[in-house]
Each structure stands twice: as structure tokens, then as C-alpha cells.
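Q: Chain B: place on chain A using the hints.
Heads up: the sequence lines are chains A and B, in that order.
With full-length UniProt numbering as the guide, the letters of the first sequence map in order to residues 1 to 113.
With full-length UniProt numbering as the guide, the letters of the second sequence map in order to residues 1 to 113.
These are computed hints drawn from the structure, not numbers from a lab.
Check each hint, because a few of them may be wrong.
Note that identical chains are pooled: a pair holds if it fits in a single copy or bridges any two copies.
Below, a list of computed lysine to any residue pairs in the SDA-like style, where the Cα atoms sit at most 20 Å apart [what the hints assert, rightly or not]:
hint, residue 1, residue 2
1, K64, L44
2, K64, A104
3, K64, A46
4, K64, R20
5, K9, T82
6, K64, L2
7, K9, T70
8, K9, Q88
9, K9, T35
10, K9, V23
11, K9, W84
12, K9, A104
13, K64, H102
14, K64, G76
15, K64, V23
16, K64, D97
17, K64, V47
There are 2 protein chains.
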Amino acid sequence: MLNQSGLDKVFHALSDASRRAVVERLVRGPASVGTLAEPLAMSLPAVLQHLAVLQDAGIVTSQKIGRVRTCSLVPGALTDPTAWLAAQRLPAERRLDRLGAHLASDHPTQEQS
Amino acid sequence: MLNQSGLDKVFHALSDASRRAVVERLVRGPASVGTLAEPLAMSLPAVLQHLAVLQDAGIVTSQKIGRVRTCSLVPGALTDPTAWLAAQRLPAERRLDRLGAHLASDHPTQEQS
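Excised from the complex, chain A in its bound form:
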């Protein structure tokens, strides 16, 4: 469970489109720094700085094997910000959520059973 300063860091890390693009890429699997840098159209030092912010926030971890540094997402790193946002929904929105979840669930209806 993140404390307030941990949540500060995670939300700050996500407040930049390039860093969100890195997260979106890493959801699909680990990637080298070079692979992550390719679509970002910025200098390697700039990319490394973004990666440092993501690592400092506990969202990304990296491992150097030989000459290649591979980054991956830290499992569960986005759970706390997700939970915080979910808790801030207005009462009316929460009722709609429950209705939507109920309609989306594949619960057997009387007709089907």
C-alpha cells in the first residue's frame, strides 16, 4: 500500500504522455531501452530521464544483461492509483458502475437455465 508521497510520485510519473507511452508499451511485455526510445522522438538522455521517473515511482524496473538494459512493468504498481480513483467516483456514477458490471457479467438468466 502506497503512502501519500508514493501516490504523489505515481500520479506525477503518469502526468507525461511520453512516460504513459512507455507504460503502454511495457504492458505488452519487457523491452530494451532502445526499443522504448524508438517511437518517442527524443534524445536517449531524455528517455533515460523519463525511465528514471518511472523507476522512482516504482512503476518500472530494469535489469542490465550484457550490454542491453531491459525494462519491465512492476506487477501491481498501478493498483493503488486505480483504487484511489475508483473510490472518488460520485455516488451516482458508482450506481451506474454496478449496473454496468451486472449487465456485463455472464450471469445465467432464468430463460437460459
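A: Relative to chain A, chain B alone:
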């Protein structure tokens, strides 16, 4: 639907514990600036600056009636960051989500029907 710069602003607005405290208070209903300032232990200008960041991000709106400025949450303002975070969960986490939602839904079991 927020663009990248809109998402930047929302996540930035949420990257501060005092601003998150304001959001948590406003989920329970509109409040005057004075009410919002009370638990924050900071100067009124500092509170107003935080409110300006939340307003700029489209999370909070305010209305001045007489001498009192009342703030409220903008409905749906947190939908896009919530959706973005939900989309970034790792495949294994998503499978657990679905299992959890299924178990939590009050779907009738064969025993009950």
C-alpha cells in the same frame, strides 16, 4: 474524451496529497473554499492555487454566490484517467479482475434458483 495534454493535467492535478484531499472531500458534496481550506493547514492563497490546478484540469468547478465561493466536482472528470489505468493492467491482473468481478456479482447460482 481527454487528449494527451488533458490527461497530463489530470494526472498532474492528482499528484499532490492536498489536492487529492480536496477531491476526496468534494466527492461527499459541494463545499465552500473555507470548508475545503480548514483541514489543509496552509494559507488561503496556497489553497486557492491548488483549487486553480484542479479547475484547470477540469476536475473541480466553482460558483460564487454572494460572498461565498462553492466548489464541486465535475461529473465524469476522473473517467478518462480511470479508463487509462484500467487499460494498462498486465494480462494476468486482468484475468484476476474478471474472476473477482464474477465472484463479487450477485449472479444466481443453480442452488439458489
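Q: Would you mind marking each hint as holding or not holding in the structure?
A: Structure-based check of all given hints:
Taking the shortest alpha-carbon separations for K64 and L44, only the intra-copy value of 16 Å comes in at or below 20 Å, while the best inter-copy value is 49 Å. In this homomeric assembly, K64 and A104 never come within 20 Å of each other (Cα to Cα): the closest approach is 43 Å inside a single copy and 41 Å across copies. In this homomeric assembly, K64 and A46 come within 20 Å of each other (Cα to Cα) only inside a single copy, at 19 Å, whereas the closest approach across copies is 44 Å. Taking the closest pair of Cα atoms, K64 and R20 never come within 20 Å of each other, the shortest separation being 22 Å inside a single copy and 37 Å across copies.
Proximity of K9 and T82 under a CA criterion of 20 Å is satisfied in both settings, with 14 Å inside one chain copy and 17 Å between copies. With identical chains, the CA atoms of K64 and L2 are never at most 20 Å apart, being 27 Å at best within one copy and 36 Å at best between copies. Within a single copy, K9 and T70 get their C-alpha atoms no closer than 22 Å, and across copies no closer than 29 Å, so neither meets the 20 Å cut-off. Taking identical chains as interchangeable, the C-alpha atoms of K9 and Q88 lie at most 20 Å apart whether they share a chain (19 Å) or sit on different chains (17 Å).
In this homomeric assembly, K9 and T35 never come within 20 Å of each other (Cα to Cα): the closest approach is 25 Å inside a single copy and 27 Å across copies. Proximity of K9 and V23 under a CA criterion of 20 Å is satisfied in both settings, with 15 Å inside one chain copy and 18 Å between copies. Taking identical chains as interchangeable, the C-alpha atoms of K9 and W84 lie at most 20 Å apart whether they share a chain (14 Å) or sit on different chains (17 Å). For a Cα distance limit of 20 Å, the shortest separation of K9 from A104 qualifies neither inside one copy, at 34 Å, nor across copies, at 31 Å.
Neither within a single protomer nor between protomers do K64 and H102 lie at most 20 Å apart by alpha-carbon distance, with minima of 45 Å and 40 Å respectively. In this homomeric assembly, K64 and G76 never come within 20 Å of each other (Cα to Cα): the closest approach is 22 Å inside a single copy and 42 Å across copies. In the homo-oligomer, the alpha carbons of K64 and V23 lie at most 20 Å apart inside one protomer (19 Å), although the nearest pairing across protomers, at 41 Å, exceeds that limit. For a Cα distance limit of 20 Å, the shortest separation of K64 from D97 qualifies neither inside one copy, at 43 Å, nor across copies, at 32 Å.
In the homo-oligomer, the alpha carbons of K64 and V47 lie at most 20 Å apart inside one protomer (16 Å), although the nearest pairing across protomers, at 44 Å, exceeds that limit.
Taken one by one, the earlier hints fail for this structure at numbers 2, 4, 6, 7, 9, 12, 13, 14 and 16, listed in ascending order.
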